[in-house]
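Protein chains in written order, with the numbering used here: chain A, 1 to 273; chain B, 274 to 930; chain C, 931 to 1258; chain D, 1259 to 1616.
These are calculated hints, taken from the structure and not from any lab test.
Please note that the accuracy of each hint is not assured.
As the list claims (entries may be wrong) - If you only want the chain D side, here are some residues facing chain B, beta carbon under 8 angstroms, derived:
#: 1; residue: Met1259
#: 2; residue: Arg1262
#: 3; residue: Ala1264
#: 4; residue: Phe1267
#: 5; residue: Tyr1285
Claimed, not checked - Within a straight-line C-alpha distance of at most 16 angstroms, the following computed EDC-like cross-link-like pairs (lysine to aspartate or glutamate) qualify:
#: 6; chain 1: D; residue 1: Lys1268; chain 2: B; residue 2: Glu535
#: 7; chain 1: A; residue 1: Lys164; chain 2: B; residue 2: Glu688
#: 8; chain 1: A; residue 1: Lys83; chain 2: A; residue 2: Asp43
#: 9; chain 1: B; residue 1: Lys747; chain 2: B; residue 2: Glu696
#: 10; chain 1: A; residue 1: Lys164; chain 2: D; residue 2: Asp1477
#: 11; chain 1: D; residue 1: Lys1268; chain 2: A; residue 2: Glu148
#: 12; chain 1: B; residue 1: Lys719; chain 2: B; residue 2: Asp678
#: 13; chain 1: A; residue 1: Lys247; chain 2: A; residue 2: Asp265
#: 14; chain 1: B; residue 1: Lys424; chain 2: A; residue 2: Glu218
#: 15; chain 1: A; residue 1: Lys89; chain 2: D; residue 2: Asp1477
#: 16; chain 1: A; residue 1: Lys152; chain 2: B; residue 2: Glu535
#: 17; chain 1: A; residue 1: Lys164; chain 2: D; residue 2: Asp1273
#: 18; chain 1: B; residue 1: Lys424; chain 2: A; residue 2: Asp265
#: 19; chain 1: A; residue 1: Lys175; chain 2: A; residue 2: Asp207
#: 20; chain 1: D; residue 1: Lys1268; chain 2: B; residue 2: Glu308
#: 21; chain 1: D; residue 1: Lys1408; chain 2: C; residue 2: Glu1230
#: 22; chain 1: B; residue 1: Lys424; chain 2: A; residue 2: Asp217
#: 23; chain 1: B; residue 1: Lys719; chain 2: B; residue 2: Glu707
#: 24; chain 1: D; residue 1: Lys1387; chain 2: C; residue 2: Glu1045
#: 25; chain 1: B; residue 1: Lys424; chain 2: A; residue 2: Asp13
#: 26; chain 1: B; residue 1: Lys424; chain 2: A; residue 2: Glu12
#: 27; chain 1: A; residue 1: Lys152; chain 2: B; residue 2: Glu308
#: 28; chain 1: A; residue 1: Lys164; chain 2: D; residue 2: Asp1274
#: 29; chain 1: B; residue 1: Lys877; chain 2: B; residue 2: Glu895
To be verified - Here chain B is said to cover these stretches of chain A; the calculated rule only asks that three of the stretch's residues, wherever they fall, bring their Cβ under 8 angstroms from a Cβ of chain B:
#: 30; segment: 76 to 87
#: 31; segment: 204 to 218
Beta carbons: idealized from backbone N, C-alpha and C, even for Gly.
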Amino acid sequence: MMLDSTDSYVTEDGRTIGGVVMEMKNITLRFGGVVAIKDISFDIREGEIRAIIGPNGAGKSSMLNVISGFYVPQDGEVLFHGKPRPHMKPYEVAQQGIARTFQNIALFEGMTVLDNVMTGRLNKMNSGLLAQAIWRGKAEQEEIENREKAEKIIDFLEIQHIRKTPVARLPYGLKKRVELARALVSEPSILLLDEPMAGMNVEEKEDMSRFILDVNDEFGTTIALIEHDMGVVMDLSDRVVVMDYGKKIGDGTPSDIRNNQAVIDAYLGVAHD
Amino acid sequence: MTQTSEGVNGLTSVPALLQRNAAEFGDKAAYREKELGIWQNWTWSEAADEIDALALGLLTLGVAEGDFIAIIGRNRPYLYWAMVAVQSVGAVPVPLYSDASADEMAYVLDHCGARFVIAADQEQVDKVTDVQGGLSQFEQMIYLDPRGLRKYDHANLHQFSKVQDAGRAALSELMPELNRRREALNYDSTCVMLYTSGTTGKPKGVVLSNRNIIETSRHSSEFDSLSAGEDILAYLPMAWVGDFIFSLGQAYWTGFCVNCPESVDTMMTDLREIGPTYYFAPPRVFETQLTTVMIRMEDASPMKKRMFDYFMAHAKKVGPAILDGETVSGLDKLKYKLGDLLVYGPLKNTLGFSRVRIGYTAGEAIGPEIFDFYRSLGINLKQLYGQTEASVFITQQPDGQVRSDTVGVPSPGVELKIAENGEVFYRSEGTFVEYYKNAESTADTKDPEGWVATGDAGFIEEGTGHLRIIDRAKDVANMSDGALFAPKYVENKLKFYPNILEAVVFGAGKDRCTAFINIDLTAVGNWAERNNIAYASYQELAGHPRVLETIQEHVETVNKSVAEDPMLSGCQIHRFLVLHKQLDADDGELTRTQKVRRKIIGEKFEDLVNALYNGSPEIYTETEVTYEDGRKGEISATLEIRDAAVVPVTASKIAAE
Amino acid sequence: MPEQLVFAMEVFLNGLMAGVLYALVALGFVLIFKASGIFNYAQGVMALFSAMTLVGIMKGQVPFAHVINAIFGTDVHYFGWTVPALLAIILTVAVMVLFAWAVQKYIFRHLVGQEPIILFMATIGLAYFLEGVGDLMWNSEIKKLDVGLPQGINEAIDNYTFNIFDYGFFIDNLDIVATLIAALLVGGLVIFSQYSKEGRAMRAVADDHQAALSVGVSLNFIWIMVWSVAGFVALVAGIMWGTKSGVQFSLSLIALKALPVLMLGGFTSIPGAIVGGLIIGVGEKLFEFAIGPMVGGATENWFAYVLALIFLVFRPQGLFGEKIIERV
Amino acid sequence: MFYREAGDFKTSYTDDNQTFPIKFDRYRYYVVLAVAFGIIPFLINDYWANAFLLPFLIYSIAAIGLNILTGYCGQVSLGTGGFMAVGAYACYKLMTAFPDVNIFFHVIAAGGVTAIVCTAFGLPSLRIKGFYLAVATLAAQFFLVWLFNKVSWFYNYSASGQINAPERTVFGVPVTGANTEAWATYLFCLVFLAISAIIARNLTRGMQGRKWMAIRDMDIAAEIIGVNPMRAKLSAFAVSGFFIGISGALFFAVYLGAVEVGEVFGIQKSFLVLFMIIIGGLGSIFGSFAGAAFLVLLPVALKLVGVDLLGWPTDIVAHIQLIIVGALIIIFLIAEPHGIAQLWRVAKEKLRLWPFPH
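Make the full structure from the sequences, and use the hints.
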């Protein structure tokens, strides 16, 4: 299926996939001598679930870090809504509506679930220090409005019962869900998920998949996720990028990828030369 | 009996009550629901607006007077509004059990010919859609929670809020029609139709008129002097008459506030937060709560444990007396006060009972020590006796005359009579109109003078005038030697042991009684842990010799106490077995209200029953079970059958002569 | 040759020598930090404590004398014997080893895996504790310490420089000796950590605890060892300062002197500590010499810090520290 | 045990967000306020004012300040003494420069000045972290103390090099200078403490607090989800500086009356306040109070027992105090890193569950 960057189409399960929102153009990223990403290009379409897969050390996470502005590529550029994105600080990227979760959970252990989720709203709240100090008018107003937003997500991800529990006390699976909530509550235009199912048991994986689909379905959120568990990815995503040793070795719908020789080799671990 | 044909100052329908409340306590809380982390609040006037909006919306959907509209879901304000909205447009609400299976629903929906269904969420919507093919009259469905339903075909599917918006939009043009229909409602128009789960056969649709509901609510509210200040927690199935009376009838009559929990699993915390002043729960709820209390206290430091035991003992001694306003020595009072500070108060608080002014339990007999436990804490827990056909109240216990072994005196406006076979009959303004589309069973239960057969056997105690129920009338039978056989009576005695969850006693027409026992997993499991007995499954635990030991002891003590009653001494249990599976409504062994279906069980486990009588020491059996997700499966087990010591009956007979 | 320059040279020399001492103290920090990630604020107090102990032993002081007197109303002070310096030093080293063992057993064993900042605060607590103990044991009055190090102006240099610049540099013998010893010690430590088995083990621990464990190095042993070494370094520093300006509380402040050295040199780098020490030593002396008079003097109090601070802003990991790569 | 929470439910986020959501706690808080404002002023005498109450109030403010920086934002500072000095000297200069402005505003302004200075010294925190920063803040400590020592403009060229607080009044009642009364000074400080505590609480429970804690718990993640690290850290330094400045001003103007910077605001002060929040509880307003109370009372108690009761020489008692404080720090860091506040929380949980153990 050849599509123009502005075309949109409807998936068989009735979701509308829009035009390209973000495009990676010939990204190359080096750490000193090591080349983490070598001249990779791909795009992300509005409302789709886009997966980046590959064996460990393929450079998936580095790619996600480039998208979220944490790493600055030496070559290539990131186009956001068609315009090249100037080099900006991670928090500026976040303010553009790009939220993410982390491979090894990065929650704020000292806070409750609710507070963690609330932090996701910080770009939506702008009352000044003084206003907050006296806790009147705008400050209080914002706090309440955003609390409600947060609660809706908490409700959506079914974590009401742990609302006021310090995250430090939570089991792994729940932490992952809280982190998703924190990212989701910021109403992101693109949601980046870094190995959302790493280290989960089967049920937890099923739950997480369900939530990811629900999120995409209910809020129409564009999702880009990294996963090395092939199976999960194939069921979840609309399109898949496959990376290996920092190079892109495949890009297309799950079915395309399944019959892509290079991919199969990479996963069967054919010797690289 | 006094016939108030026109209600009290013209309040002849629930919608009328609603308008009165909106006028009288307009900005007093009417509904609360724990949602999004706080208790969302609706005043009476807000509730009235919501209900009007929905009613108008229903009009736009073309609801006609006399239509039946099924309402399916857990307790939520919206669904209560739905009931009243449905009444307002002259239709009849039919609440259904939300945990009912698709085919159970199919039957009811078909039987009442519901044109509309108001469903809570995707789960319920799916169930109905599965069966709607077979429903000739079914037309449209309204759903509350849109989650997951966005992609459904909305040809005849509407979102609750959208319907309300439509209603609000059409306010000006449809308001007259709505008012007309509301006016049209009178004391004898149908208020609600409730399906009795019925311990046998298919459910029957009990038609209750406004008179039934409002009169009963009025009487019962006055009986306990309920006020608009009460708070109740609505957590029992909306399809159950009790919930309808408490959360709708009485709530609308007195104008008190109905609080809905966030979800089933947060029920306990929500209960604690709200701290209801008026509370109903079936015995097993109190039972399990007591069990958990005891289990939790097990881990307390010895010193704290000792204090707890000490004061609980004292409470047992004087608590009930103090509650009944009897005089106790000043020292005891003081000690009780201290205990209240250190134990009772905190305990009630953690259980959420601090504010309970009146608590009721009914539906089953409650164990004396369970009952006394709560009363000794100073919780005014009482018993009532009732059924759907009576709009609940038949008898109830007045303050100060509360005992675990009676169900109290006839409720105001209720007449009682005992037939010669011991069956209890009643007559009141709460008496139901009819069984929908079922003239003959209506005739069976309700005679021309309006006397209704309860189907329970009992007698009125001399002196106190309290009613005592022995058993289901049809279960009361004779044994081969002619001795009276009252299984429930024995089963209850057994079930008073925390270890025993359910018991089914057989013996009608037989020479001696035998029993199935269901162990209580929480209690026995905990006991097993403490005696480090390893077990992999319910089945394994149930079969464990030491468990059988304990159960046997229980059975034998029960036998002793049964033997003391000359009339029923024949009902002692000679042989018993512990079932390898928990009796379950999904397998049809219990009703949705958790009552045992004796007959069905008897047939289903025929092999086991035979084994009980043919003296075999153990029996291999295979049983079909239904899992939560509806899949069916087989479990097999070899059950050990035990003989229990009995007190020689003849001896006691001689003593009697 | 202009006079100012000559003075500057003298200042420079003194700075160098002070710098070597700083380096010595800083080394104590680096050792512990490398091996256990602990930033040992108590280093200075350890110097004070060891010096006190040394004096106490030499004079034959009764430990906790005035506590005992206070409680039992007795009046004991001295055993009435004196101990030769060398023996006393050996005994003191023993005490410091004991101290190292206790610190490891009772404090840091329980704090393994804690954030560095927590460990740092713990060492501040330790500093207080140790200071208190020291004062209780040997009482807090100022003591003279003389282990026979030469003192007074070094005639040779004085004359020599006089002949050249017709101005005699004032260089104290003690400083020279101190510098030599410090230099020796620094050298020794470097060699120790590079070539000895324990030293290599120590570095292994520093690089990767797990790895170190897997090659069968006992963390506990290593940590006790580095604390002992640090104790020994502290003792040497204590002797220098003690001899120079008496054993008193201010001695513990040399730790504060060493901190900027570390920030400059990087907490994990032995050469860094040395270079940093010299830079600070020379820098602060020259700054005081050049700028001091204009701003009222006593700039040594803060010069080192502000220098290090400014430096850090531009190179957070210090001169020789490894670059910090952040990951998520 | 004393908690009766059944029926104490929340119908709005405002109720749910309030500082003391549980009725019982709320009432206890009111009682404390009533006692502090309504009763103590009538019972107070000079001994208690000077030995305990004033230092407690003033250190509490400082502790709150440092706790915001260290406990909430995770930036350890050893410059507290220096910053208090800024507050003190700023206050002194203002008092002498504008004698007819009310002292109240001088103190506030002193806080403001300190906030600015503190922010300036916070700049390195953008590049360096953990104890690198801690050590860096020592620079502030030494530099500032030196500055106030050497530059005589700060102490108005007085020969002694000291600064002395002239008499100033609030509503005609002297709160500084020679002839003040205990109750007046007490109330003056109490008002400041109350306001500081409330402000601190509001800041820490809102989004600002969450940003700080986010930086504290995981700065990288915080930045990636949109926290601007520079603003977060510098605001923490500013707010912290503001409170510390106020406490410094009060310490000089109200409590001591005369100050020689080296002795009063030396590095020991920095450590003292740091210890207060470690023992009291990092990241807890209540902890700030608890820690201050504890470390203010300890010497008083030790003196009572050691000197007055056992008649030991004061220097021994002083040394013992060092040992105890040092040991306590270590013990708390090992056993209860969240200090007294945490112990309090645990106890409270137990009481709420009573009679159940868990």
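These are the hints, each one checked on the structure:
About 6 angstroms separates the beta-carbon of Met1259 (chain D) from the nearest beta-carbon of chain B, less than 8 angstroms, and the hint is met. The criterion of a C-beta within 8 angstroms of any C-beta in chain B is met by Arg1262 (chain D), whose closest approach is roughly 5 angstroms, and the hint holds. Interface hint at Ala1264 (chain D): satisfied, since its Cβ lies 3 angstroms from the closest Cβ of chain B, which is below the 8 angstroms cut-off. Hint status for Phe1267 (chain D) relative to chain B: holds, with the closest Cβ pair at about 4 angstroms, below 8 angstroms.
This hint is violated: Tyr1285 (chain D) has a C-beta 16 angstroms from the nearest C-beta of chain B, more than the 8 angstroms allowed. Proposed proximity of Lys1268 (chain D) and Glu535 (chain B) is supported: the alpha carbons are some 13 angstroms apart, at most 16 angstroms. With a CA separation close to 53 angstroms, the supplied pair Lys164 (chain A) and Glu688 (chain B) exceeds the 16 angstroms bound. Using a Cα cut-off of 16 angstroms, the hinted pair Lys83 (chain A) and Asp43 (chain A) holds, with the two alpha carbons roughly 13 angstroms apart.
At most 16 angstroms may separate the alpha-carbon atoms for a hinted pair to count; Lys747 (chain B) and Glu696 (chain B) meet this at roughly 9 angstroms. For the hint pairing Lys164 (chain A) with Asp1477 (chain D), the CA-to-CA distance comes to about 22 angstroms; that exceeds 16 angstroms, so the pair is violated. For a cut-off of 16 angstroms, the pair hint linking Lys1268 (chain D) to Glu148 (chain A) stands: about 14 angstroms separates their Cα positions. Of the pairs offered as hints, the one joining Lys719 (chain B) and Asp678 (chain B) is violated, with about 28 angstroms between alpha carbons and a cut-off of 16 angstroms exceeded.
In summary, the hint linking Lys247 (chain A) to Asp265 (chain A) is supported, as the alpha carbons are separated by about 14 angstroms, within the 16 angstroms threshold. For the given pair, Lys424 (chain B) sits about 10 angstroms from Glu218 (chain A) by alpha-carbon distance, which is consistent with the 16 angstroms threshold. With a CA separation close to 14 angstroms, the supplied pair Lys89 (chain A) and Asp1477 (chain D) stays within the 16 angstroms bound. At most 16 angstroms may separate the alpha-carbon atoms for a hinted pair to count; Lys152 (chain A) and Glu535 (chain B) meet this at roughly 13 angstroms.
Taking the CA atoms of Lys164 (chain A) and Asp1273 (chain D), the gap is near 15 angstroms; set against the 16 angstroms cutoff, the hint holds. Taken as a hint, the Lys424 (chain B) and Asp265 (chain A) pair is broken in the structure, with Cα atoms around 39 angstroms apart against an allowance of 16 angstroms. The suggested pairing of Lys175 (chain A) with Asp207 (chain A) holds, with an alpha-carbon distance near 13 angstroms, which does not exceed 16 angstroms. With a C-alpha separation of about 11 angstroms, the suggested pair Lys1268 (chain D) and Glu308 (chain B) falls inside the 16 angstroms cut-off, and the hint holds.
Between the alpha carbons of Lys1408 (chain D) and Glu1230 (chain C) the distance comes to roughly 13 angstroms, so the proposed pair stays at or under 16 angstroms and holds. Only pairs whose Cα atoms come within 16 angstroms are accepted, and Lys424 (chain B) paired with Asp217 (chain A) is accepted, the gap being roughly 9 angstroms. For the hint pairing Lys719 (chain B) with Glu707 (chain B), the CA-to-CA distance comes to about 8 angstroms; that is within 16 angstroms, so the pair holds. Note on Lys1387 (chain D) and Glu1045 (chain C): the hinted pairing holds, with a Cα-Cα distance of about 12 angstroms set against a maximum of 16 angstroms.
At roughly 9 angstroms between alpha-carbon atoms, Lys424 (chain B) and Asp13 (chain A) fall within 16 angstroms of each other, so this suggested pair holds. A distance of roughly 12 angstroms separates the Cα atoms of Lys424 (chain B) and Glu12 (chain A); the hinted pair therefore holds under the 16 angstroms criterion. For the suggested pair Lys152 (chain A) and Glu308 (chain B), the alpha carbons sit about 9 angstroms apart, so the restraint of at most 16 angstroms is met. Restraint check for Lys164 (chain A) and Asp1274 (chain D): the C-alpha separation of about 11 angstroms stays at or below 16 angstroms, so the hint holds.
Distance check on the hinted pair: Lys877 (chain B) and Glu895 (chain B) sit about 11 angstroms apart at the alpha-carbon level, within 16 angstroms; holds. Given a C-beta distance limit of less than 8 angstroms, the hint that chain B covers the segment 76 to 87 of chain A is violated, as 0 residues qualify and 3 are needed. For the segment 204 to 218 of chain A, the proposed coverage by chain B is satisfied: 3 residues have a C-beta within less than 8 angstroms of a C-beta in that chain, meeting the threshold of three.
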